[in-house]
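Colleague: Here's the letter readout for the chains.
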Amino acid sequence: MATPIDRVRIATVHFTNAWPLTARLDHTRFEVLHHHPAEAARLLREGEVDLALLPVASVLTDGDYRIVPGVCIGADGPVQSVLLVSEVPPEQWEVLALDGCSRSSAVLAELLVKQGPLKDRVPTDLTIFRTEPGKALEHAVGKGAALIIGDPARELPERLAERIDLAGAWKDWTGLPFVFAVWAGRPDLDAEVIDELRRVATEGLALREGLPEPDRTYLTDAVKYELDDRMLSGLRRYAALGAERGLLGTRDVVLYGPRVQAYRRTDLDTLLCKGAEGERLSFEEAHRLHLEAPIADLGSAANLRRWALHPTDDVTYIISRNINYTNVCVTACKFCAFYRPEKHREAYVLTEDQIRAKCEELVSVGGVEVLLQGGLHRSLGIEYYEELFRFIKSNFPLNLHALSPEEIFHIMKISDLSMEATMERLAAAGMDSLPGGGAEVLVDAVRKKIAPLKCTTDQWLEAMRMAHKMGMSSSSTLMFGMSETAADRVEHMMRLRDLQDETRGFVAFICWTFQPDNTYVKPGDNTAADYLRVNALSRLVLDNIPNIQASWVTQGPGVAQASLHMGCNDFGSVMLEENVVSSAGTTFAMSVADVERNIREAGFNPVRRNAQYDHVGAALTRENGRRAPAPAT
Amino acid sequence: MTPTLSTVSRMALKRIGLDDLAEKVSAGERLSYEDGVRLFEERDVASVGALANLVRERLHGDLTWFNRNLHINATNVCEASCIFCSFARLEEGMDAAYTMSLEDAVGRVRALKDRFITEVHIVNGLHPGLPFSYYTELLRAVKAERPDLHIKGFTAVEIHYYAEKYGMSYEQVLVALREAGLDSLPGGGAEIFHPRARKKLCHDKVDADGWLDVHRTAHRLGMMTNCTMLFGSIETHEERVDHLVRLRALQDESLAAGRGRMQTFIPLRFHNDNNRLSKLAAPTGHDSLKTIAISRLMLDNVPHIKSYWIMLGVKIAQVSLWFGADDLDGTVLEERIYHMAGAETPQGLPRHELIKLITTAGRVPVERDTHYNTVAEA
Numbered sequence: 248m249a250t251p252i253d254r255v256r257i258a259t260v261h262f263t264n265a266w267p268l269t270a271r272l273d274h275t276r277f278e279v280l281h282h283h284p285a286e287a288a289r290l291l292r293e294g295e296v297d298l299a300l301l302p303v304a305s306v307l308t309d310g311d312y313r314i315v316p317g318v319c320i321g322a323d324g325p326v327q328s329v330l331l332v333s334e335v336p337p338e339q340w341e342v343l344a345l346d347g348c349s350r351s352s353a354v355l356a357e358l359l360v361k362q363g364p365l366k367d368r369v370p371t372d373l374t375i376f377r378t379e380p381g382k383a384l385e386h387a388v389g390k391g392a393a394l395i396i397g398d399p400a401r402e403l404p405e406r407l408a409e410r411i412d413l414a415g416a417w418k419d420w421t422g423l424p425f426v427f428a429v430w431a432g433r434p435d436l437d438a439e440v441i442d443e444l445r446r447v448a449t450e451g452l453a454l455r456e457g458l459p460e461p462d463r464t465y466l467t468d469a470v471k472y473e474l475d476d477r478m479l480s481g482l483r484r485y486a487a488l489g490a491e492r493g494l495l496g497t498r499d500v501v502l503y504g505p506r507v508q509a510y511r512r513t514d515l516d517t518l519l520c521k522g523a524e525g526e527r528l529s530f531e532e533a534h535r536l537h538l539e540a541p542i543a544d545l546g547s548a549a550n551l552r553r554w555a556l557h558p559t560d561d562v563t564y565i566i567s568r569n570i571n572y573t574n575v576c577v578t579a580c581k582f583c584a585f586y587r588p589e590k591h592r593e594a595y596v597l598t599e600d601q602i603r604a605k606c607e608e609l610v611s612v613g614g615v616e617v618l619l620q621g622g623l624h625r626s627l628g629i630e631y632y633e634e635l636f637r638f639i640k641s642n643f644p645l646n647l648h649a650l651s652p653e654e655i656f657h658i659m660k661i662s663d664l665s666m667e668a669t670m671e672r673l674a675a676a677g678m679d680s681l682p683g684g685g686a687e688v689l690v691d692a693v694r695k696k697i698a699p700l701k702c703t704t705d706q707w708l709e710a711m712r713m714a715h716k717m718g719m720s721s722s723s724t725l726m727f728g729m730s731e732t733a734a735d736r737v738e739h740m741m742r743l744r745d746l747q748d749e750t751r752g753f754v755a756f757i758c759w760t761f762q763p764d765n766t767y768v769k770p771g772d773n774t775a776a777d778y779l780r781v782n783a784l785s786r787l788v789l790d791n792i793p794n795i796q797a798s799w800v801t802q803g804p805g806v807a808q809a810s811l812h813m814g815c816n817d818f819g820s821v822m823l824e825e826n827v828v829s830s831a832g833t834t835f836a837m838s839v840a841d842v843e844r845n846i847r848e849a850g851f852n853p854v855r856r857n858a859q860y861d862h863v864g865a866a867l868t869r870e871n872g873r874r875a876p877a878p879a880t
Numbered sequence: 003m004t005p006t007l008s009t010v011s012r013m014a015l016k017r018i019g020l021d022d023l024a025e026k027v028s029a030g031e032r033l034s035y036e037d038g039v040r041l042f043e044e045r046d047v048a049s050v051g052a053l054a055n056l057v058r059e060r061l062h063g064d065l066t067w068f069n070r071n072l073h074i075n076a077t078n079v080c081e082a083s084c085i086f087c088s089f090a091r092l093e094e095g096m097d098a099a100y101t102m103s104l105e106d107a108v109g110r111v112r113a114l115k116d117r118f119i120t121e122v123h124i125v126n127g128l129h130p131g132l133p134f135s136y137y138t139e140l141l142r143a144v145k146a147e148r149p150d151l152h153i154k155g156f157t158a159v160e161i162h163y164y165a166e167k168y169g170m171s172y173e174q175v176l177v178a179l180r181e182a183g184l185d186s187l188p189g190g191g192a193e194i195f196h197p198r199a200r201k202k203l204c205h206d207k208v209d210a211d212g213w214l215d216v217h218r219t220a221h222r223l224g225m226m227t228n229c230t231m232l233f234g235s236i237e238t239h240e241e242r243v244d245h246l247v248r249l250r251a252l253q254d255e256s257l258a259a260g261r262g263r264m265q266t267f268i269p270l271r272f273h274n275d276n277n278r279l280s281k282l283a284a285p286t287g288h289d290s291l292k293t294i295a296i297s298r299l300m301l302d303n304v305p306h307i308k309s310y311w312i313m314l315g316v317k318i319a320q321v322s323l324w325f326g327a328d329d330l331d332g333t334v335l336e337e338r339i340y341h342m343a344g345a346e347t348p349q350g351l352p353r354h355e356l357i358k359l360i361t362t363a364g365r366v367p368v369e370r371d372t373h374y375n376t377v378a379e380a
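So the protein sequences, as listed, match chains A and B. Plus 247 on top of the position in the first sequence (first one is 1) and you've got our numbering. Plus 2 on top of the position in the second sequence (first one is 1) and you've got our numbering.
In short, the hints are calculated from the structure, not lab data. Do not rely on the hints blindly, as some may be mistaken.
[Said to hold, decoys possible] Cut-off 25 Å, straight-line C-alpha distance, at most; resulting in silico cross-link-like pairs (DSS-like, lysine-lysine):
#1 A:Lys521 with B:Lys16
#2 A:Lys366 with B:Lys115
#3 A:Lys716 with A:Lys660
#4 A:Lys418 with B:Lys145
[As the list claims (entries may be wrong)] Computed list of chain A residues with no C-beta within reach of chain B, every gap over 10 Å:
#5 Thr263
#6 His283
#7 Pro337
#8 Asp372
#9 Leu407
#10 Pro461
#11 Asp499
#12 Asp544
#13 Asn642
#14 Met666
#15 Val690
#16 Glu749
#17 Arg780
Here a beta-carbon is modelled for each residue, glycine too, at the ideal position from N, C-alpha and C.
Extracted from the complex, chain B is given alone in its bound form (with noise of 0.2 Å):
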């Protein structure tokens, strides 16, 4: 039975003057921009949260993904210059700066050799002094190491850099990534894709035609990627429903070319320590909230939406599996982005714990590789 939307939450909606949206999303009608723009204008996070809570009923009922990975950052050194980053060095040699040799990159995966893991995710710096070989290297020493770990690796924005540093279309390196061992791509470097917001806080990263060709050119190819949006620095809300549309697009492409394609979308909320907008407060829990449920409820064709535990807190993240998340991350080892701009999360969570934040919050827990086939009993 398709689930619906319950009397007193359709009431509660209705109080708030979204009667019409509950309609269209009861109806399976797709939310337009200023449908997004008015859920954000909305400070009933409940309702909102009970119509999201809707759609992920019906795409994944009680269901609760989570994987257990390990984290790789290569380097921290970053020629880039975002304003909302705690992790980037500019050049080798600064304080904190570091860059892993192959046999340390390897060394963490060894380390984990009895533990299971099915995957590996690897995002660095827009190293200016390596080349194209180091992370070619990188790969292929990871997969001989652990051929059964899926590699989900480098972000579109690293993508680009590499394609204009050693001259290669998106394609080429893509391509020449996956031949060495790469298998899907996360969905960093998206931050706020309206020009506006991405000139003050990035100005200097792949704008956001490029972040979206090489989704598409990966998806072409056949490969799955992931999308985020980083919320709660200086964007409206006008931008952040820009952002989510525009990915909307983007998949609506992919999924009619029938290839590759994005399957999770990860809201990561800005954090303000150690960072140029410490000034900024930091967004509080119900704007995530929102957020979460106001992605879900635009994102009609990304089929998960991730709560990424590490930035939001254990607490909102797992009161979010009723606000249309579907996907709690996983076991993360060995956490360093968002730890060095102040999360207080713990850096792994045991799985028994995960499980636990699952099954207390009354979902049924289910442990998935990158591709959310279960892979072990939770």
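The shape of chain A in the complex, shown without the other chains (with noise of 0.2 Å):
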């Protein structure tokens, strides 16, 4: 590693254009040798500076080196330092001098004389040479040609009416940008030598700006220095060409990679056993395992927690069916793609009779809870939800798992009710539990942003102890992947685990991503790491809390079998209907043979539970995906 004292030997080129990568140079840690590019190759080549503003033809031929990421001297199009000069135009051409103060240029030269758009208009017996350092001007006279380049070449005396400006015609030729340098050296660079380069270019290229005419318009306007993928693929293709020719050597355009980085883990080891035997973890603790624990590691402790609270094979799943009474909201959230406004042409309030057909479907394929949720609107009271409930539970043997608390403040408010008669009546009416739908993230300054118009957090943790009092049970639920940080997200889960430990009313934890549908990968692809995470750390945290359901609604069968052996005991449901996130694009469609294929092929036995998560009745169908002969309900 580079330090004061043993200070990084590199060489440079004392043209114009390479002034902005070096003017910032802390001369300190840098020794800065300028040179002209030739004798920059060979100080590298003999290990005599670690590190060099490199032709591009000397990275491809001389050793092992790599490129600074990121960094060039280039151009897109004409560049006017690299020159093919003459008092002639090329049909008249003897001789062309090629100067040998820079190879890469030298090369560029005769790739586009012999193969490229000057092959036609050259004559085909024109002798090509090189020339000492400097020296090709000389043989620019009479029918005589000459590479110059560099400051040289911005500085031509008037006679040389004929000029070629190599990087245009490169351009015209591939459709492509030329690099001409680089900062290339040893492979074992130390990183951090790499990162002062890259900070020194860019302080050095703000400079340009206060430069005097014409240096300020040649090195903003013609002269490139990002190397981004176009600069690439014109570098790589030079090299190609080159290589081909025999011209330049077959070195592979290579880049210093990323650091690898450094174990962070070790210190964890304390705080992965202390969730996994269940002792409870602070804030601190908790926010620390989300942000630096290993995703394997943490999989592996919430996995020894859910053996030593569910010692079982056994993964329960329940039939149910999402009734979703009304579309019509007044709240109109960010990310709901399913509201629409009282008067739209898609709106509905479902009839009596859609509703009984629904529930009768239900029952025939053995379902036993059925999840009521709607819109808020705005004539729907009290008496609505009475009459509804009565309804379902005078004629079918079904749970009901009704009402998110938006719904419940929605009729406090319509019905002009306390909450506590609210859930009485509602509780009276036959409503069994609640999901834990809407608390989104608990976090008040995070619902402000993703819903403003929904409940503040202790609303919603008010309507869930008030439930939980008059008996109902519910879900507690994490909607992640919007705005809210990981100290938010742990945070939320300390409101549900201190509910908890005041009412033990939550009977399940269950946490899914943000679904958004406006990119090219799947909605929400990209969230299943990110969720394997914060479901194994759901369930270290939520050590009050039994049962932790996995979410292959939204992350696909495959990654909810993982969840399996990493925290979750529970499979959700069968849907009947799931009209909320299927608007918003993604829905992994299940039915019951593919649930519990899915948890035997994880290695579990299928169950059937009710929402208080008993078990009602063994699997429905064989291992061989077959019905099982007596489903018993």
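Please assemble the complex out of the two chains, which come individually in their own frames, going by the hints.
Modeller: What follows is the structure in structure tokens.
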């Protein structure tokens, strides 16, 4: 590693176009030698410097070098400083002198003359030769032509009327930009040095604006300093063409790679053990695990915890139906693709007949629960819900899993009731439990951003507290992957855990990821790893919530299977309808047979449950996927 | 510092009775055939994955590789009758059968004139009617159009077919193709080596010894190759392990000879649409992750394990970066073979999406060339 005492030796060139890359070098850290390009190449080749601003021909030919990413001296079209010059047009040339001070440009000139657009213009017997550095110009008399590079090319005598800009000719030929030089060095150079050179370049390039003309225009418009994909494409094309004609070596174009990350893991060990053993994690500890623990280890800890809490091969699921009784909603959450305004042509409120038909269908396939959720409709008050609940409960043997806190608040407002009275009346009408929907992220700063019209964290928790008090159970949820931080997610889990200490009313927790539908990747595809991380963490943090449910609806069956070995003991539900998530793009629709197969293939025994997580029956299919003979319900 | 297993992962492995394998892997010892079968019999994919992750991190830390390439499948006319294939057509003139003219094929390369790619991947059906010169001319034409592109092409199955059809040795075929511009071999056509499964899956394809011999010959000529395994159709766990062990043995030989070698193992997930195995359920994500993890553990001498996202699905491919995989393949342009078998993945992932996929998994993306050199900033 470089220290102020042990300076890094670098060679650069004394051309104007190199100036921005070196102007801000710290001479206490770098020992800088200025030479012409060929000499810089020799110094690096012979190990006299660690790094050089190297003509690309040398990079491709000389040794096992690496290139500093992001920075180069190149051009995308005419560059003004690399020219073939003569008093007469190419058709009359007899000799072409290539200045020996830069091999890259000499090879470029040869390619253009022997294979490229100049091939058909120059005489077939044109004599090409190389001169000592700086000596080419003297051959550009009469029918002679010369390759002139660097600052001399910008100060040519007027008699040399024929001027061919090589970077311009290259662009016309290949459509690509051209790279003349790059920072290149030994492969083992310290990553800090690489970072420093890039920083120096950024600072140096900012100085260009203050330069006098014509230098300012030359360095800002003609010379390009960013080694991007197109520049690299140009470099590779040049390398390949040069190698094919034997003008260049066959070295690969290789950049200095990113550092392999330092191993940051060992001191997390104690924390992971603590979580795995079911000891309570503090906010700070959970936050640290979220940020730093590898997914593999969080998964192992959560898996140990899962087996401690559920020492059985059973994985439960529920057959349920999501009935969205209305899609009319006044809230307009940014992430919701489901709601419609009241007057919209797709707006609806389900009729009793429609609801009856849905329930009948559900019961006929062995369903045990109806999940009733809907929008906030301005004309639906408590009587509507009481009637609806009584209708369902008196006609069907179904668990009524209903209403988000949002809907409860809405009913309170429309019917002018207290929360206690509302909950009491809903429970009396037959409501058994609440899904934990609408929790999103229980941090007000986040809620304000993603759902400004929804209830506050305290209101949400208060609704759950009241429901638990009335004897109803509920699930708890976390929807992540919007604008929240890791700390917000952990805070959310802390709030749920605190309430659970008080009420013991949460039977399960389920997290899922926000499902955007606007990328090339299938919606939410890049959230799978994060999902497993947050899910595993939740098993460790929520030490008082018995069940953790996998979200195959958002993650797909494969990731959900993995989560069964990383904290989950439940495979969610087979839903006869899932309107809300599917309007945002993602549905992994699965049948009973699919769900049972996925549970089995993951190594578990599928069991049907109800909303309270009691087992209600064995699997409906056999190992071979066929329907089991006499389904017990 | 060498990565070690965390205490929780060690405990999780002990819970399922795999502590002896955890010890072996931690000590860098080779796993046996029996160890491999035991791993496949274990359901706890998280613990097996954590063990594979140890090996992955020892080799590559957080680095995760990808590249940008173009796939050319010059013809899908194929004499072989592999029952898992949805791509091939037996004869010219059949529905959806095609053979590209050289101009077509080169046109595909030319269309990407201004795109940054470093590699062309060329694999084809076993066309009974084309002369050998079709392939050499194809290579020459692609090289002439884009001399900067690395050409990875022709599976061992194709090499074997040409050798038989045109009366040449493997070496003669490889030398002729290399002279025409071929740089390395892909790993396709390995399917399952074990004769029982191979006979059912692809009875008229080159057998295991032939496949391995083509790669051995390529290695002797100094060429790099890849290797694959088609998993999740009719093969047993034992046959998967047998397959991995055979690859490992070849790699031992080639490493000892010190010339070419296998760079990357790619487990290929069986897809069940539009082929004669449609009644078979496709393997689940659980099986994919487990197979990737066990491949990492068994193939201790093959540097890279690639999750081919086209076949695995983007989510499983991302998660697999914690189950032993260190490569996500590339922003493939124009993939046909798996899409004809019902793969629902997009045909190409833009580079920024691929980078996001890697970074959101907590890994460090590196854009590579065929030889795993860093070629562009990610």
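Colleague: Each hint needs a verdict: does it hold in this structure or not?
Modeller: Verification of the hints:
1. With a CA separation close to 17 Å, the supplied pair Lys521 (chain A) and Lys16 (chain B) stays within the 25 Å bound.
2. A threshold of 25 Å between alpha carbons decides the hint, and for Lys366 (chain A) with Lys115 (chain B) the separation of about 22 Å falls inside it, so the pair holds.
3. Distance hint between Lys716 (chain A) and Lys660 (chain A) is fulfilled; the C-alpha atoms sit about 21 Å from each other, no more than 25 Å.
4. Taking the CA atoms of Lys418 (chain A) and Lys145 (chain B), the gap is about 20 Å. The hint holds against a cut of 25 Å.
5. No Cβ of chain B approaches the Cβ of Thr263 (chain A) within 10 Å, the least distance being about 27 Å, so the stated non-interface status holds.
6. The claim that His283 (chain A) is not at the interface with chain B holds, since no C-beta of that chain comes within 10 Å of its own (minimum 28 Å).
7. The beta carbon of Pro337 (chain A) sits about 25 Å from the closest Cβ of chain B, which is more than 10 Å, so the claim that it is off the interface holds.
8. Distance check on Asp372 (chain A): its Cβ is at least 26 Å (rounded) from any Cβ of chain B, clearing the 10 Å threshold; non-interface status holds.
9. At roughly 33 Å, the least C-beta separation between Leu407 (chain A) and chain B is larger than 10 Å, which holds for a residue marked as non-interface.
10. For Pro461 (chain A), the shortest C-beta to C-beta distance to chain B comes to about 30 Å, beyond the 10 Å cut-off, and the non-interface label holds.
11. For Asp499 (chain A), the condition that its CB be more than 10 Å from all CB atoms of chain B is violated, with the nearest at approximately 5 Å.
12. Distance to chain B contradicts Asp544 (chain A) as a non-interface residue, since its nearest Cβ pair spans about 4 Å, not more than 10 Å.
13. With a least beta-carbon separation of about 38 Å from chain B, Asn642 (chain A) lies farther than 10 Å from that chain, consistent with its non-interface assignment.
14. Against chain B, the non-interface label of Met666 (chain A) holds: every CB pair exceeds 10 Å, the least being about 39 Å.
15. Chain B leaves Val690 (chain A) outside its interface by the beta-carbon criterion, the shortest separation being 21 Å against a cut-off of 10 Å.
16. Against chain B, the non-interface label of Glu749 (chain A) holds: every CB pair exceeds 10 Å, the least being about 30 Å.
17. Taking the minimum C-beta to C-beta distance to chain B, about 8 Å, the non-interface status of Arg780 (chain A) is violated against the 10 Å cut.
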